[in-house]
Amino acid sequence: MKTKLHDIWNDGRGAVNGWLSAPNAVIAEVTGKAGFDSVTIDLQHGLNDYQAALSMLQALAASDSTPMARVPWLEPGIIMKLLDAGALGIICPMVNTRADAERLVRYANYAPVGTRSFGPTRASLVYGADYVAKANDTVITLAMVETVEALANVEAIATTPGLTGVYIGPADLALSMGHVPKLDPDEPVVVEAVGRILAACKGAGIRCGIHCLAPSYAKRMLGMGFDLVTLGSEIRIYSAACASALAEARG
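Taken in order, the sequence shown gives residues 121 to 371; the numbers are from my numbering.
Simulated from the structure, these hints should not be mistaken for laboratory data.
Derived BS3-like pairs: lysine-lysine, alpha-carbon spacing no greater than 25 angstroms straight-line:
id, residue 1, residue 2
1, Lys-201, Lys-124
2, Lys-124, Lys-153
3, Lys-322, Lys-124
4, Lys-201, Lys-254
5, Lys-124, Lys-254
6, Lys-153, Lys-122
7, Lys-339, Lys-153
8, Lys-122, Lys-201
9, Lys-339, Lys-322
10, Lys-254, Lys-122
11, Lys-339, Lys-124
12, Lys-302, Lys-339
13, Lys-122, Lys-322
Between the sequences and the hints, there should be enough to build the whole structure, so can you do that?
Quick look at the structure:
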């Protein structure tokens with residue numbers, strides 16, 4: 121069992137990820153159908169809880185976008201529940217050490233690789249009775265590097281066995297480095313840090329993703345060699361579209 125993300129990465133291409141902050145299954149369905157390669161449901165800073173995420177995962181099944189979720193924290197319970205609900209990728213915030221990354225890998229994988237408990241209630245319904253045999257080779261694990269501590273440890277994090285990749289949270293990274301938290305950073309020291317993280321991933325042979333805002337910035341990151349770029353969120357995209365439409369109508 122391989123996902124659309126696996127196919128894109130195996131072809132040597134970068135993927136564009138959608139981001140869902142609001143608990144709405146219809147918007148999830150629309151986002152999946154829009155053509156994003158993957159769609160991530162945000163349970164950390166987004167407004168989603170588990171029950172909303174379940175409905176959104178069901179809605180995403182109508183598309184071929186790879187369904188993923190950002191968990192609130194590095195905690196086994198919610199990681200396992202979201203995987204059992206059908207998420208095929210986990211983005212985990214605030215992974216600061218290799219030990220943190222190793223825990224993420226363990227929680228997301230069945231034995232002998234990890235400690236994930238067996239009970240894929242919806243996952244086996246959606247992906248087949250042999251889901252357990254395929255899960256360890258399918259589930260994507262992305263550790264968020266977004267602090268100065270994680271930056272100092274990024275080379276060790278990147279060499280964690282079984283870790284799919286690293287996902288950069290540029291706003292928290294900038295904040296941790298003493299700068300204004302924002303997407304699409306342009307402060308030289310933050311830009312340098314982003315380059316170091318990308319280089320560590322490339323050196324370790326794992327994937328590297330980054331959260332972006334402007335499509336032009338995301339395109340530039342793909343050109344730099346990032347494997348995954350996120351275009352803001354559905355709330356940001358909708359807000360910008362509303363503002364543009366109103367400005368044109370009132371202009």
